[in-house]
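**Student:** Listed below, chain by chain, are the residues.
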Amino acid sequence: KNEVEQSPQNLTAQEGEFITINCSYSVGISALHWLQQHPGGGIVSLFMLSSGKKKHGRLIATINIQEKHSSLHITASHPRDSAVYICAVLPGNQFYFGTGTSLTVIP
Amino acid sequence: GAGVSQSPSNKVTEKGKDVELRCDPISGHTALYWYRQSLGQGLEFLIYFQGNSAPDKSGLPSDRFSAERTGGSVSTLTIQRTQQEDSAVYLCASSPGLVLGETQYFGPGTRLLVL
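Protein chains in written order, with the working numbering: chain A, 1 to 107; chain B, 108 to 222.
Worth double-checking, as some hints may not be accurate.
Cut-off 25 Å, straight-line C-alpha distance, at most; resulting in silico cross-link-like pairs (DMTMM-like, lysine to aspartate or glutamate) [what the hints assert, rightly or not]:
#, chain 1, residue 1, chain 2, residue 2
1, A, K68, B, E209
2, A, K54, B, E175
3, A, K55, A, E67
4, A, K53, B, E209
5, A, K55, B, D170
I should point out that these hints are in silico values taken from the structure, not numbers from a laboratory.
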């Protein structure tokens, strides 16, 4: 049983489209992270959430603690957004990761 | 400024040998994390340090794995008697404070291949 489920697994979008990636988790958490892994393997932390909503540029992340669900939105998607997006939750002293959503944005 | 660095960037070893992987966190960062990512698999949390102390070592895959951190800075992850299933990218990250779950800054990883 995976504590963290992401959907979709793969996503292809046209440049400019609005994109939503979902993360559901089954454990109580103190924080949730969204990470971006570039095709070359480098990982960047996008957001850390414990409640509500955060926005950075074209990226928006929301979390609903009661429903154990988070979404990552990308507005006006661009080919440089192509990457794997990973959700990670922190229920205690360990992180649990989703399997990632592979996003490809086509020009 | 300098980011998180890891060495070596690539390591090929024979089954049964010991390996040491090194992580240099961002200067002044108190927390340090180790993860691994096997080929085609997701990220797996191994261990984290608050200062020089690791509060929970239960994420380490087996007793062949150990980690230490000295001087609140450099950390080494040691794998003894390596097995082929240890082949993976080992990632290190650091964050500024003592609060687990803060935004982390990731290193480029060490690619380990056990033959």
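**Student:** Holds or violated: K68/A and E209/B, Cα atoms, limit 25 Å.
**Tutor:** holds (19 Å)
**Student:** Hint check: K54/A vs E175/B, CA-CA at most 25 Å. Holds or violated?
**Tutor:** violated (35 Å)
**Student:** Starting from K55/A, check that the Cα of D170/B is at most 25 Å away, please.
**Tutor:** Violated - the C-alpha atoms of D170/B and K55/A are around 42 Å apart, more than 25 Å.
**Student:** Would you check the hint for K55/A and E67/A, treating anything up to 25 Å between C-alpha atoms as holding?
**Tutor:** holds (20 Å)
**Student:** Hey, K53/A versus E209/B, does the alpha-carbon distance stay inside 25 Å?
**Tutor:** holds (16 Å)
Violated hints, listed in ascending order, are 2 and 5; each of the other numbered hints is respected by the structure.
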